[in-house]
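Same order as they appear, the protein sequences are chains A and B. Just so you know, full-length UniProt numbering puts 112 at position 112 of the first sequence, and the rest follows in order with no gaps. Just so you know, full-length UniProt numbering puts 72 at position 72 of the second sequence, and the rest follows in order with no gaps.
The hints are simulated quantities; they were obtained by calculation from the structure and are not laboratory data. Computed from a predicted structure; not experimentally measured. It is possible that part of the hints are untrue.
To be verified - Computed from the model, here is a short list of chain B residues facing chain A with C-beta under 8 angstroms:
1) L46
2) V77
3) Y97
4) Y99
5) E101
6) S123
7) S125
8) Y127
Said to hold, decoys possible - Beta-carbon label-pair distances, calculated as ranges:
9) R99(A) / A60(B): 25 to 33 angstroms
10) E76(A) / G110(B): 35 to 43 angstroms
11) W50(B) / H96(A): 31 to 39 angstroms
12) R128(B) / P32(A): 33 to 41 angstroms
Claimed, not checked - What the simulated footprint calls covered on chain A by chain B, stretch by stretch (three residues with Cβ under 8 angstroms from a Cβ of chain B suffice, anywhere in the stretch; the number is not a length):
13) 87-99
14) 106-116
Don't be surprised by glycine CBs; every beta carbon is placed ideally from N, CA and C.
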Amino acid sequence: MMESCTLTTHVMNSVDGVPAARVALSLHRLEPPLMVWSLLSLGTTDEDGRCSGLAAREELGPGTYKLRFETGSYWESRGQTSLHPYVEVVFSISDHHQRIHLPLLMTRFSYSIYTGS
Amino acid sequence: MAELQAKHGITAMAGSASPLTTHVLNTATGVPGANMTLSLHRQDPLTSAWSLITTGITNADGRCPGLITTQMFTSGVYRLHFDTAQYWQSMEETCFYPYVEIVFTINDPGKKHHVPLLLSRFSYSTYRGS
Numbered sequence: 001m002m003e004s005c006t007l008t009t010h011v012m013n014s015v016d017g018v019p020a021a022r023v024a025l026s027l028h029r030l031e032p033p034l035m036v037w038s039l040l041s042l043g044t045t046d047e048d049g050r051c052s053g054l055a056a057r058e059e060l061g062p063g064t065y066k067l068r069f070e071t072g073s074y075w076e077s078r079g080q081t082s083l084h085p086y087v088e089v090v091f092s093i094s095d096h097h098q099r100i101h102l103p104l105l106m107t108r109f110s111y112s113i114y115t116g117s
Numbered sequence: 001m002a003e004l005q006a007k008h009g010i011t012a013m014a015g016s017a018s019p020l021t022t023h024v025l026n027t028a029t030g031v032p033g034a035n036m037t038l039s040l041h042r043q044d045p046l047t048s049a050w051s052l053i054t055t056g057i058t059n060a061d062g063r064c065p066g067l068i069t070t071q072m073f074t075s076g077v078y079r080l081h082f083d084t085a086q087y088w089q090s091m092e093e094t095c096f097y098p099y100v101e102i103v104f105t106i107n108d109p110g111k112k113h114h115v116p117l118l119l120s121r122f123s124y125s126t127y128r129g130s
């Protein structure tokens, strides 16, 4: 039986040095053969900027996925503008992945993504 | 001329300086990200559809001059697409990110905008540069 991969994220507001709470996000998978994105799940970061359970009801098997963060809305809710209206990260899950942790660090004018543990 | 460029997604060419520039840096090896293909798109404010403006490839310094002309660089939402997996593949390495797309809003097209991409196989970052 194929083991599915778990996916977690953590959004940090690097300007204020705090977790970015209540950031809406969505997980999508690229579906062959038409290569269209299908929405798998929606989530919102908690007070600690974390969102787990993105893959709770889904099997994250090998494939191409997209995690979209509504960062523009986050800055807007703080009465601020931002350079990036949203952040979309497209990544590949392969057979050997068991756990993927994809943190996002952001300011109003920058962001960085890395995959860590 | 501006419409032609918009319709046919003309390849980036050197000419008078583009108000929008990029710079790809390979943070894993500490060198410019050379020979990476990329494209610039703009989103139609009414339909939200994306249209291709330019395609290009980074030079030995990781830069791609001639992304857009001053005339064409109007306020709006733009997207820079970088073929990151292809880039790593050409060096016989895999990349966690098949491609990177950076979407950004331009409210002040009169100013120069610099959108760098710092990239390794497992991480990337971008910021508003100058």
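Cross-check of the supplied hints:
no.: 1; hint: L46; in the structure: violated, 16 angstroms
no.: 2; hint: V77; in the structure: holds, 6 angstroms
no.: 3; hint: Y97; in the structure: holds, 5 angstroms
no.: 4; hint: Y99; in the structure: holds, 6 angstroms
no.: 5; hint: E101; in the structure: holds, 6 angstroms
no.: 6; hint: S123; in the structure: holds, 3 angstroms
no.: 7; hint: S125; in the structure: holds, 3 angstroms
no.: 8; hint: Y127; in the structure: holds, 3 angstroms
no.: 9; hint: R99(A) / A60(B): 25 to 33 angstroms; in the structure: violated, 38 angstroms
no.: 10; hint: E76(A) / G110(B): 35 to 43 angstroms; in the structure: violated, 24 angstroms
no.: 11; hint: W50(B) / H96(A): 31 to 39 angstroms; in the structure: holds, 34 angstroms
no.: 12; hint: R128(B) / P32(A): 33 to 41 angstroms; in the structure: holds, 36 angstroms
no.: 13; hint: 87-99; in the structure: holds (count 6)
no.: 14; hint: 106-116; in the structure: holds (count 8)
In this structure, the earlier hints numbered 1, 9, 10 are contradicted, and the remaining ones agree with it.
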